[in-house]
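When you get a sec, could you build the whole thing from the sequences and use the hints?
Taken in sequence, the protein lines are chains A and B. One gets this note's numbering by counting positions in the first sequence from 1 and adding 497 to each. One gets this note's numbering by counting positions in the second sequence from 1 and adding 497 to each.
Because the hints were derived from the structure by calculation, they are not lab data. Please note that a few of the clues may not be correct.
As the list makes no split between identical chains, a pair holds if one copy fits it or if it spans any two.
[Said to hold, decoys possible] With a Cα cut of at most 30 Å, we get these calculated DSSO-like pairs of lysine-lysine:
1) 501 / 730
2) 581 / 715
3) 525 / 854
4) 535 / 813
2 protein chains.
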Amino acid sequence: MPQKLYFTVGPSELYPTLPAHIQEALDKKIGTISHRGKAFQDIFKNCVYQLRTLMNIPDTHHIFFLSSATEIWERILQNCVDQKSLHLVNGSFSKRFYEFAVELGKTPEKIQTDFGKGFFAKDIAIPNTCEAICVTQNETSSGVCMPLNEIYLLKQKAPNALLFVDSVSSVPYPDYDYKIVDSVFFSVQKCFGLPAGLGVWIVNEKCIEKANLLLAQKKSIGTYHSLPSLFGKAKDFQTPETPNVWNIFLLGKVAEDMNNKGIQQLRKETDTKAAMLYEYFNSSKNFSIAVSEPVHRSATTIVANTAINASEVNKKLEPYNMVVGSGYSSYKETQIRIANFPALSIEQTEKLIEALKKELQ
Amino acid sequence: MPQKLYFTVGPSELYPTLPAHIQEALDKKIGTISHRGKAFQDIFKNCVYQLRTLMNIPDTHHIFFLSSATEIWERILQNCVDQKSLHLVNGSFSKRFYEFAVELGKTPEKIQTDFGKGFFAKDIAIPNTCEAICVTQNETSSGVCMPLNEIYLLKQKAPNALLFVDSVSSVPYPDYDYKIVDSVFFSVQKCFGLPAGLGVWIVNEKCIEKANLLLAQKKSIGTYHSLPSLFGKAKDFQTPETPNVWNIFLLGKVAEDMNNKGIQQLRKETDTKAAMLYEYFNSSKNFSIAVSEPVHRSATTIVANTAINASEVNKKLEPYNMVVGSGYSSYKETQIRIANFPALSIEQTEKLIEALKKELQ
Chain A
498 MPQKLYFTVG
508 PSELYPTLPA
518 HIQEALDKKI
528 GTISHRGKAF
538 QDIFKNCVYQ
548 LRTLMNIPDT
558 HHIFFLSSAT
568 EIWERILQNC
578 VDQKSLHLVN
588 GSFSKRFYEF
598 AVELGKTPEK
608 IQTDFGKGFF
618 AKDIAIPNTC
628 EAICVTQNET
638 SSGVCMPLNE
648 IYLLKQKAPN
658 ALLFVDSVSS
668 VPYPDYDYKI
678 VDSVFFSVQK
688 CFGLPAGLGV
698 WIVNEKCIEK
708 ANLLLAQKKS
718 IGTYHSLPSL
728 FGKAKDFQTP
738 ETPNVWNIFL
748 LGKVAEDMNN
758 KGIQQLRKET
768 DTKAAMLYEY
778 FNSSKNFSIA
788 VSEPVHRSAT
798 TIVANTAINA
808 SEVNKKLEPY
818 NMVVGSGYSS
828 YKETQIRIAN
838 FPALSIEQTE
848 KLIEALKKEL
858 Q
Chain B
498 MPQKLYFTVG
508 PSELYPTLPA
518 HIQEALDKKI
528 GTISHRGKAF
538 QDIFKNCVYQ
548 LRTLMNIPDT
558 HHIFFLSSAT
568 EIWERILQNC
578 VDQKSLHLVN
588 GSFSKRFYEF
598 AVELGKTPEK
608 IQTDFGKGFF
618 AKDIAIPNTC
628 EAICVTQNET
638 SSGVCMPLNE
648 IYLLKQKAPN
658 ALLFVDSVSS
668 VPYPDYDYKI
678 VDSVFFSVQK
688 CFGLPAGLGV
698 WIVNEKCIEK
708 ANLLLAQKKS
718 IGTYHSLPSL
728 FGKAKDFQTP
738 ETPNVWNIFL
748 LGKVAEDMNN
758 KGIQQLRKET
768 DTKAAMLYEY
778 FNSSKNFSIA
788 VSEPVHRSAT
798 TIVANTAINA
808 SEVNKKLEPY
818 NMVVGSGYSS
828 YKETQIRIAN
838 FPALSIEQTE
848 KLIEALKKEL
858 Q
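Structure (structure tokens):
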């Protein structure tokens with residue numbers, strides 16, 4: 498039986514070079530080497546170097562490895578917020594980030610839009626006491642993105658607040674200006690096409706200073722994954738605990754492949770595939786684009802309303818050995834979500850559109 | 498160049514069947530499937546079933562998947578301790594567990610022995626206010642274990658305290674009595690021979706009740722990895738976040754292999770190899786057994802003092818393509834540590850002893 502091709506939004510298709518890298522990991526015994534030895538330090542260094550190159554991350558920012566973006570939500574709130582974070586909520590993941598702050602005993606605020614809607618900075622009032630602005634650049638649940646210039650305007654409104662950008666399902670597509678953004682984070686099972694189990698947290702000194710300030714005030718900032726603990730070990734190219742060495746190795750390899758292709762080419766291909774998909778949904782009889790405002794349409798997570806049930810769409814795709822993502826939660830049957838990640842080629846996306854056209858117009 | 502054989506204590510040798518299971522994971526697209534779908538639920542169920550069978554875990558206890566045993570230390574303290582935990586500290590890892598309690602703002606107590614020494618229950622006074630007794634059954638740093646009957650006596654002394662057993666580098670060798678032990682936890686890069694990045698937490702209802710009690714008292718017990726959150730999702734064979742699906746799949750497969758071999762056979766082989774190694778160290782001119790008290794000698798982590806530096810020992814093993822673990826921290830050069838894990842066979846252990854005998858007597 499031929500393998501199916503998954504256009505689901507995460508976990509998603511593995512990056513095409515991954516099986517070869519996994520074989521190399523087995524040959525080099527990456528699962529066996531000590532996380533306190535030089536071989537691991539070299540893996541750590543390579544991964545950081547490749548990510549810095551790919552995403553143009555300056556030395557003002559550090560790169561830490563955790564277990565998931567979900568964990569990073571918790572660590573941000575523990576380390577960088579005493580009382581008040583502001584959350585721009587426009588989907589299930591940004592909402593969950595806000596709820597974490599409540600569960601940790603903070604007094605967060607949220608500004609909420611309807612599902613499928615995005616934000617413009619001009620409409621956002623930031624409280625004076627706000628310590629952290631938490632933005633989900635790309636909502637995997639709704640396919641809504643926030644344009645980078647709108648994110649930067651938030652920082653202008655509150656220069657003393659730290660700006661955290663959840664970029665789980667868009668990195669490395671957005672070209673962030675790290676002079677403005679204090680922290681970006683993502684997980685690897687989306688655009689990097691790796692198995693899940695690794696989160697990457699990019700933070701500047703201001704975030705670490707805030708954690709140290711809270712610590713000096715005798716506030717608990719957690720334990721092994723506090724920012725000072727992560728920073729202390731990262732200086733020596735290590736992690737506080739035995740990490741997911743395997744995935745750090747694979748991430749370095751995939752980022753290297755992406756660097757060999759070139760980030761501009763990768764962005765160009767992403768734009769091409771996004772345009773193809775949106776164009777099709779715009780002209781389809783069965784589908785319509787879910788995000789009404791054009792500037793809020795994600796380039797990497799493409800969501801469409803569907804007249805027939807999402808499960809029916811996937812039944813029609815069965816003879817083609819293709820799978821699209823269903824809608825999120827209560828939109829499970831009324832929307833489909835399509836990953837426009839680097840692991841999926843222009844040709845594969847063309848074939849998906851052809852199949853959908855043939856079956857559903 | 499032939500691959501080296503690692504007798505290091507973790508990460509350690511991968512279980513011999515692992516490359517085949519990894520190939521199956523690639524063929525079945527385990528890195529791509531949704532963690533909210535039936536295929537993942539089946540992987541979750543199989544892993545839990547195989548672990549229950551292997552370790553004889555009754556239905557009174559639940560099995561949760563986290564990212565590391567280090568994380569589980571933190572979650573235990575957040576979820577099951579309001580103020581006072583008691584820590585039996587006899588090495589670096591048990592010490593770190595105690596320090597986590599301090600960092601989380603608790604008021605823990607510790608009872609400490611010298612490095613290389615163990616505990617007898619008769620010497621342990623447990624405070625009336627103790628909520629949790631935290632025992633490291635097998636100290637990976639020193640090679641000291643605590644016999645199970647001694648652990649059970651602690652519970653007799655303080656029946657109202659929850660008993661947590663760190664069994665990171667010994668599971669599935671110890672045959673725990675789950676009528677006495679409230680919680681056991683481990684990570685997979687030791688005796689299961691998997692790549693690191695997954696921690697397994699076995700807990701009974703009393704632990705979950707304690708977390709719910711703290712929550713009712715408006716104490717923060719964390720967010721996505723609180724016990725109620727883990728429990729709520731596990732009932733549906735899921736995890737709160739996108740987990741390390743890959744490793745949950747592989748753990749189920751390796752536990753199944755171990756069940757096919759039989760836990761009694763696995764324990765017998767462990768005993769045989771341990772006896773061989775201790776016998777050799779007892780008669781060697783260069784080595785001596787590090788743990789003086791026989792009942793405190795670990796069966797799975799065998800530590801010896803070495804007259805020549807540990808790095809010299811490994812140089813002598815180079816022509817044999819074998820590597821032993823160096824001592825922990827300040828014992829780096831004066832001790833060696835040898836993994837006696839299921840991934841390493843009796844024959845391989847014999848060859849190691851032959852090589853050491855030939856080179857160092």
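Taking the hints in turn, this is what the structure says about them:
Within a single copy, residue 501 and residue 730 get their C-alpha atoms only as close as 41 Å, which misses the 30 Å cut-off; across copies the closest is 28 Å, which meets it. Taking the shortest alpha-carbon separations for residue 581 and residue 715, both the intra-copy value of 18 Å and the inter-copy value of 18 Å come in at or below 30 Å. In the homo-oligomer, the alpha carbons of residue 525 and residue 854 lie at most 30 Å apart only across protomers (28 Å), although the nearest pairing inside one protomer, at 46 Å, exceeds that limit. In the homo-oligomer, the alpha carbons of residue 535 and residue 813 lie at most 30 Å apart only across protomers (20 Å), although the nearest pairing inside one protomer, at 51 Å, exceeds that limit.
When each numbered hint is compared with the structure, no violation occurs for any of them.
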